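Heads up: the sequence lines are chains A and B, in that order.
Note that the working numbering has the first sequence beginning at 1, numbered continuously upward.
Note that the working numbering has the second sequence beginning at 1001, numbered continuously upward.
Bear in mind the hints are in silico, worked out from the structure with no lab data behind them.
Be aware that a few hints might be false.
With a Cα cut of at most 25 angstroms, we get these calculated PhoX-like pairs of lysine-lysine [as the list claims (entries may be wrong)]:
no. : chain 1 : residue 1 : chain 2 : residue 2
1   : B       : LYS1046   : A       : LYS254
2   : A       : LYS228    : B       : LYS1250
3   : B       : LYS1191   : B       : LYS1051
4   : B       : LYS1103   : A       : LYS114
5   : B       : LYS1208   : B       : LYS1136
6   : B       : LYS1260   : A       : LYS290
7   : A       : LYS290    : B       : LYS1250
8   : A       : LYS54     : A       : LYS5
Only a predicted model underlies this, so the values are computations on that prediction, with no experimental measurement involved.
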Amino acid sequence: MSLIKHILVIAELDDEGIKPSAYETVHAARLLADSFNGQVYVFCFGFGSPDKAKQLFNYGADRVQVLNNPLYNTISLDLGLIAIEPQIIKDKPYAIFFPATTHGKEFAASLSAKLNVSLATDCVAIQAGKDNQIIVRRPVYAGKALLNLTLNGPGPHILSLRQNTFRGPGPDFSRVGDIELLDISVSNDQRVLKVREVVKEIGSQLDITEARVVVSGGLGMQQSKNFKLLEDLAQVLQGAVGASRPVVDNGWRKYSNQVGQTGRTIQPDLYIACGISGAVQHLAGMSSAKCIVAINKDANAPIFSVADYGIVGDALAIVPYLTEEFRRVLAS
Amino acid sequence: MRIIVCVKQVIDTAARIEIKDGKVDGAGLSRVLNPYDEFSIEEALKIRESKPGTKITLVSLGPESFSDALRAGLAMGADQAVHLLDPAFDGLDSLAVSRLLGKAVEFIGFDLIFCGRQAVDVDMAQLGPALAVYLKIPCVTVVTGLEFSENWSVAIATRQIEGGSEIIESPVPVLLTCQKGLNQPRLPSFKGIMAAKKKQIEIFDADKLGFVTPVTTNEASTAISTGLELPLSRNSVEILDGSINDSVAKLVKALREKEKVV
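With these hints in hand, go ahead and build the complete structure from the sequences.
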């Protein structure tokens, strides 16, 4: 039996359904698979109703398998590999795509060592090359430079895809399919890692790597409580709140909100930098946002060198007006 | 407790990156210990403080200059340092590096291995998990909190995931990759710096590690670099001036009608 050339996407399912990063990953896999008349298979981890995974068909999946074993209700690396590895050996995918999340990157790196194949982390562009090649681009030095790579050989090539980068036109409801439930026999003693607890961050709905709008504050916000102004603006724009490194080092915001080379690299549609001067490390983490707005008292601040729009002035005074104006126009 | 800390030297994060012939032009740029490795070393030191008799060994594979990164870790307080140094190691891919580090740490012996979450130059986040695979030990990445059971046989790690965190239990030995938030790395003391200068860095070469032919990745998938480039430069900024009301109204209009991002 000849195997169908396909791309395998590893997706996560939770009580809220499929994460946007999984749809993006399936969309990117669809585009590449179309270039060689291939298929897109999806393998879903996690808990929640398997029906929620049906939407993956709308985004381009040809086959969706959901693990049907309560041991997989939490995502752990060791049991995950026990489930994925035999599938890969059986199906021989040409490429394996992961969203570049904490779980995705951990699986991708472990799998590259297990299968002894190359890995491309945090890809921001993927295209088919000649002779079976895949050409990818990935940021290095937190985005200060971009590395172009050619992946050669029959595969599997392992890629993780940067969140917020591969957004497609949205669901195509004419594409449908049935979920396959997959029983993986695994016993409790094969479990080495125990996920004791999964804690969701309260308050902020969105992670800064997943948000389309990020409102970020620097030392110009002057004190911790003034971040309420940014939370209000983010809420009106359905976005998330980020911060510069000094703000996090002062303990005003949590580290998971830090944008920059020793924090997180993000690519939202809109980044609003409030009272951030724009150190090199910070610019590395946000300068690939589609549109950048800077609000800063100092007209010579480096942040203006990467901004599309700038307002020179005190963010504390300006942000409330901005929130009000957005509230007004979005309500009308 | 025998703790291994894998470290790397990287270009200072404050540096601007210039490209020459498709590669980073590193001439004249200052180099530092990978910032995430500082969290690894600090965590190892904290464990040694609560568990006397613990020995901390730094391990690094890289050119001659990497000895500075090892010295920086010794100055923080690590007990010894091993440098995997041999011309035969030049240009190895990251899986080959992981394998060699695996051989070295098996040679040294370990109960715990710490790596940085990623090196801030290549940003691959591959070495830690790959090393754990070769050593056949469990791995938890992006750790922001760490505790142990009373008899030190179980590690309880908190780690960051998108929109929250997880608490994961793992038997020891385990490999953990460290993230900011785990601790506050100490600055080396003057005494520490002086002591580090006197310490001998042990060299493991190709012979010692039984490294014969270059181990590359499987031919089923190889990644060939076709060069680096700088991100496209952005258009110059449009400053919206006038009263606060005016500039805010202009901004909202532009973001909605021209940029269509809201």
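Flag every earlier hint the structure violates by its number, smallest first.
Those not satisfied: there are none.
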